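The primary structure of each chain is shown beneath.
Protein chains: 2
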Amino acid sequence: MNVSSALEILKNEGYKYTEKREDLVVFFAKEKRYLSAREVLTYMQKTYPGMSVDTIYRNLTLFRDLGILEETEWNGEKRYRLSCATDAHHHHLICLDCGRTRQIEACPMDNIPVYDSDFEVVGHKFEIYGKCGECQ
Amino acid sequence: MNVSSALEILKNEGYKYTEKREDLVVFFAKEKRYLSAREVLTYMQKTYPGMSVDTIYRNLTLFRDLGILEETEWNGEKRYRLSCATDAHHHHLICLDCGRTRQIEACPMDNIPVYDSDFEVVGHKFEIYGKCGECQ
DNA sequence: ATTTTTATAAGAATGATTACGATTTACATT
DNA sequence: AATGTAAATCGTAATCATTCTTATAAAAAT
Numbered sequence: 113m114n115v116s117s118a119l120e121i122l123k124n125e126g127y128k129y130t131e132k133r134e135d136l137v138v139f140f141a142k143e144k145r146y147l148s149a150r151e152v153l154t155y156m157q158k159t160y161p162g163m164s165v166d167t168i169y170r171n172l173t174l175f176r177d178l179g180i181l182e183e184t185e186w187n188g189e190k191r192y193r194l195s196c197a198t199d200a201h202h203h204h205l206i207c208l209d210c211g212r213t214r215q216i217e218a219c220p221m222d223n224i225p226v227y228d229s230d231f232e233v234v235g236h237k238f239e240i241y242g243k244c245g246e247c248q
Numbered sequence: 113m114n115v116s117s118a119l120e121i122l123k124n125e126g127y128k129y130t131e132k133r134e135d136l137v138v139f140f141a142k143e144k145r146y147l148s149a150r151e152v153l154t155y156m157q158k159t160y161p162g163m164s165v166d167t168i169y170r171n172l173t174l175f176r177d178l179g180i181l182e183e184t185e186w187n188g189e190k191r192y193r194l195s196c197a198t199d200a201h202h203h204h205l206i207c208l209d210c211g212r213t214r215q216i217e218a219c220p221m222d223n224i225p226v227y228d229s230d231f232e233v234v235g236h237k238f239e240i241y242g243k244c245g246e247c248q
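So the sequence lines, in the order shown, correspond to chains A and B.
Per our numbering, the very first residue in the first sequence carries number 113; after that it's consecutive.
Per our numbering, the very first residue in the second sequence carries number 113; after that it's consecutive.
Misleading hints may appear alongside valid ones.
[Said to hold, decoys possible] Cross-link-like lysine-lysine pairs, in silico, BS3-like; alpha carbons within 25 Å at most:
no. : chain 1 : residue 1 : chain 2 : residue 2
1   : A       : K190      : B       : K243
2   : B       : K132      : B       : K144
3   : B       : K237      : A       : K237
4   : B       : K190      : A       : K190
5   : A       : K237      : B       : K243
6   : B       : K128      : B       : K142
[Stated by the list, open to error] Stretch by stretch, here's where chain A covers chain B in the computed footprint (C-beta under 8 Å, at least three residues):
no. : segment
7   : 161-175
8   : 214-222
9   : 235-242
[Unchecked claim] Residues of chain A clear of chain B, computed beta-carbon distances all greater than 10 Å:
no. : residue
10  : E120
11  : E125
12  : G162
13  : A200
Because the hints were derived from the structure by calculation, they are not lab data.
All of these numbers come straight from a predicted model, not from anything done at the bench.
Even glycine gets a Cβ: it sits at the ideal position worked out from N, Cα and C.
Model the full structure from these sequences, guided by the hints.
Dropping the structure here:
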């Protein structure tokens, strides 16, 4: 995922183009790591001092729904990062300090035996947590 | 994990025995599934009408720290269940409606290649989400 | 240029969780 | 059995992340 394809998705889906939305995507593209709503807000308010928290949250969830952002959660806060370049299903190794990630290609679901048929699987989560080199 | 060994851990670690704590553990032992703080509070207040939320949260986190309860999170709420009988490391298939679980013996970490040495791994999470037979 | 639709601001509301001073209780010791 | 002390609990308020409401502003369509 990159800035132009993200903005194209917005356009194709009938959402409006705004400078704030572009800046938001550009920020994620630059950071390439998981960011909390608070971090995003702090950054955006440097450029747009009056920007409201609601706008942040609304756009974060919209972008997640459109597949532009990936979402996870730790320490009681949702976090978002720009969807990885690979469209393929993947998982992450995540630095709990700074949100930087490394991709994991293997998916445990490929090696897991079949379960009882009366349990309808709707999703799964596999994440490895730690501290990246920078944060140690 | 069962009621008596849970209460023994409490005693051995120097924590006090209270009827509320016993009832709490008994409740988890009976339910054998993930419960939110709110569910626990609702249940406990039937017996102890004035029971404070603080007591619930304090005991839930204490029991988690003591290994009596396992913790996870979904839909913005922390959830707890009695630690599984097996002391061995394990994962869960979780019904997002009722919190019932099935155990997964295999751990993806066993098959994952070694990572860059400059990333210190401190934990991981593997959970499969779905709907159990009862909830479909 | 005007209309229509969507995005945004500002602040209040909500829901989960934590914090805190005052009071009570468990339990070891007398 | 009475007492002392630390821990547990209550009642309530505070905090934190997130969502809702309503009025206004901006983008897209006509």
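Hint check results:
no. : hint            : result
1   : A:K190 - B:K243 : holds, 23 Å
2   : B:K132 - B:K144 : holds, 18 Å
3   : B:K237 - A:K237 : holds, 7 Å
4   : B:K190 - A:K190 : holds, 13 Å
5   : A:K237 - B:K243 : holds, 15 Å
6   : B:K128 - B:K142 : holds, 22 Å
7   : 161-175         : violated (count 0)
8   : 214-222         : holds (count 5)
9   : 235-242         : holds (count 8)
10  : E120            : holds, 31 Å
11  : E125            : holds, 26 Å
12  : G162            : holds, 28 Å
13  : A200            : holds, 17 Å
Going through the hint list in order, the structure does not satisfy hint 7, though it satisfies all others.
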